[in-house]
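Undergrad: Respectively, the protein sequence lines represent chains L and A. Anchor point for the first sequence: position 195 equals 195 in the numbering used here, and the numbering is continuous, going up by one each time. Anchor point for the second sequence: position 21 equals 21 in the numbering used here, and the numbering is continuous, going up by one each time.
To be clear, the hints were calculated from the coordinates, so they are not data collected in a lab. Please note that the accuracy of each hint is not assured.
[As the list claims (entries may be wrong)] Calculated cross-link-like contacts (lysine to aspartate or glutamate; reagent style DMTMM-like; alpha-carbon spacing at most 20 Å):
#, chain 1, residue 1, chain 2, residue 2
1, A, LYS72, L, ASP126
2, A, LYS41, L, ASP297
3, A, LYS67, L, GLU197
4, A, LYS72, L, GLU295
5, A, LYS72, L, GLU197
6, A, LYS41, L, ASP472
7, A, LYS67, L, ASP230
8, A, LYS72, L, ASP194
9, A, LYS67, L, ASP94
10, A, LYS61, A, GLU14
Small disclaimer: the values here were computed from a predicted structure and weren't measured.
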Amino acid sequence: MTSHAPKLPDGLVIVVKRDCATCQMVEPLLSLIAASTNLTVYTQDDPTFPESVPAIHDSDLRVSWHHSIDTVPTLITVVNGQETDRTFGWSRADWQRLTGLDDLGEDLPIMRPGCGSMSVDPDRVDALRVAFTDTPIISRHVELSSAEDEFEAMYARGWTDGLPVIPPTPERVLRMLTGTTRAPQDVVAIAPPDLVELTVEKIAINAVMAGCLPEYLPWVIAALEAVCTDTFNMHGVLATTMPVGPVIICNGPGTRAIGMNSGINALGQGNRANNTIGRAVQLTIRNVGGGRPGEVDRATHGNPGKISFCFAEDELGSPFTSLATERGIALGQNAVTVFAGEGPRCVVDQLARTADELTNSLVACLQTVHHPKLVIGFDAILIISPDHGRLFAQEGWTREQLITQLIERSHTPGEQLVRGASGIAEGIPPHLRDATLPKFRPGGILLTFAGGGAGLFSSIVAGWANSAIGSDPVTRVVGS
Amino acid sequence: MTSAGLIILDPTNESVPATRQLLSRPRDVAGLTVGLLDISKPRGNVFLDRVEELLIGRGAKVLRFSKPTFTKPAPVDMRHEIAMNCNLVIEALAD
């Protein structure tokens with residue numbers, strides 16, 4: 001029951017509709033009940049039904065909505081204005097108990113299910129939520145003129161990422177908000193670059209525009225909590241001329257519950273959850289944070305993943321512990337890890353037959369992250385595929401073992417890396433000539449597992465300036 | 001579905017930036033304190049060293065500031081310090 005619910009009268013209350021065979025079946029009983037107790041009947045569709053007793057027409061479904069009537073008939077006991085008991089559909093034992101009439105409906109079946117309440121009719125429920133919700137949305141209402149095409153209007157207002165967005169009507173936004181237990185005006189984070197309070201409501205609006213389902217909303221919220229931290233440094237990720245954006249890796253059983261893709265084409269198109277969660281994060285940063293290309297976003301090239309880059313780890317197929325576990329999340333919890341990354345690149349090795357051989361290949365490819373002569377300053381995500389993962393599984397390699405070997409084998413003599421070496425001006429400063437340096441700092445490789453069951457390939461996503469200078473990955477638990 | 005009168009919710013932060021009038025340019029810098037904010041990109045100091053020389057040569061007093069990292073906005077305290085102590089500020093890029 002919601003706080004603004006119309007009060008039910010004491011006694012018994014029954015909610016029915018004519019367009020329900022069970023309601024019609026119990027109709028002869030209503031006059032018997034009315035004779036023994038104070039009975040109030042609400043009828044949803046036809047004010048002349050039932051004919052045997054007077055009924056109140058719940059024409060706008062206000063009573064049904066506020067008292068959470070999912071099924072008709074619903075029979076409710078009300079004492080001192082408070083509901084104390086209810087049953088729905090026809091259950092002879094329950095009806096006899098609530099009415100106190102021991103022989104009620106003896107000629108009827110023991111039980112019969114009811115019908116859907118009009119207040120939960122999919123065609124009506126969104127409008128009812130707008131009409132009756134206790135937690136109204138406060139964002140400015142924009143009324144488009146009849147001459148405007150809504151898709152063109154939203155593009156013209158600068159609200160899109162260049163692709164069409166779903167119009168965020170109050171009905172759709174309130175439906176989106178059912179995906180979270182958080183109040184619409186809860187402040188999730190301070191959104192860069194404009195440093196404004198980011199509310200659940202504003203996230204929900206942008207999630208609608210991105211095409212999310214309500215069950216994705218907690219993932220979008222968690223990802224935004226993660227990117228709007230000083231550690232992730234979304235301001236810098238926007239402002240940099242490098243081609244990075246937030247890459248979102250999702251973990252936990254919830255990834256499967258919302259149908260995320262961790263298999264074939266996991267990093268690509270086609271999966272609604274993968275693509276719209278990442279898109280909602282970026283639309284929110286654009287619209288609420290104010291981070292727009294050509295303004296604070298100064299990327300030289302950018303990358304297509306800045307529209308959306310979000311995927312799930314294939315935890316069930318992985319030979320390794322999950323990325324989230326590695327980052328301190330308890331097994332079975334849902335979590336997102338955000339990483340400032342560019343687009344993925346493929347590692348081809350179709351000939352390695354041992355973990356050792358494949359590790360050497362991965363190292364050779366990882367060395368190219370941003371520049372073969374630049375080391376330590378950039379992290380990378382390494383996405384191992386099932387076919388490549390099998391080589392590590394068959395030799396029992398652990399996550400720690402693989403990462404240790406990757407970093408160990410990535411050491412390069414400074415003389416090959418210094419500025420000018422190999423006829424390449426770019427490189428490390430001359431004073432490091434005598435050092436031997438790894439490609440990655442400790443923790444600089446985020447190992448994860450995803451991809452289709454065929455293909456001796458893995459994938460690398462290069463990062464941005466790491467550590468306190470730039471961005472560190474951030475992991476957050478996904479709430480409710 | 002017709003789009004006539006469709007109501008949609010504003011996805012932006014709905015804030016209106018404050019508009020402020022720029023201060024008038026000083027006729028010269030003699031006697032003024034000029035803050036030089038190094039954003040901490042490589043070789044930004046080379047540029048600012050030369051700017052400092054030129055400013056001092058014109059009678060300005062120069063204060064130097066450095067952001068902790070070029071990837072983040074200058075800390076609030078640093079912005080406040082510049083505002084309190086300088087008449088002018090030059091923020092330098094690099095590369």
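Undergrad: The structure should be examined with respect to each hint, and the outcome stated for every one.
TA: Cross-check of the supplied hints:
1. At most 20 Å may separate the alpha-carbon atoms for a hinted pair to count; LYS72 (chain A) and ASP126 (chain L) exceed this at roughly 42 Å.
2. A threshold of 20 Å between alpha carbons decides the hint, and for LYS41 (chain A) with ASP297 (chain L) the separation of about 18 Å falls inside it, so the pair holds.
3. Proposed proximity of LYS67 (chain A) and GLU197 (chain L) is contradicted: the alpha carbons are some 25 Å apart, above 20 Å.
4. This hinted pair checks out: LYS72 (chain A) and GLU295 (chain L) have alpha carbons roughly 15 Å apart, not beyond 20 Å.
5. Proximity of LYS72 (chain A) to GLU197 (chain L) is assessed by CA-CA distance (about 18 Å); at most 20 Å being required, the pair is judged to hold.
6. The hinted pair formed by LYS41 (chain A) and ASP472 (chain L) meets the criterion: a straight-line CA distance of about 19 Å does not exceed 20 Å.
7. Between LYS67 (chain A) and ASP230 (chain L) the alpha-carbon distance is near 15 Å, which keeps this suggested pair within the 20 Å criterion.
8. Distance check on the hinted pair: LYS72 (chain A) and ASP194 (chain L) sit about 13 Å apart at the alpha-carbon level, within 20 Å; holds.
9. For a cut-off of 20 Å, the pair hint linking LYS67 (chain A) to ASP94 (chain L) is broken: about 72 Å separates their Cα positions.
10. Only pairs whose Cα atoms come within 20 Å are accepted, and LYS61 (chain A) paired with GLU14 (chain A) is rejected, the gap being roughly 41 Å.
Hint compliance for this structure: hints 1, 3, 9 and 10 are broken, all remaining hints hold.
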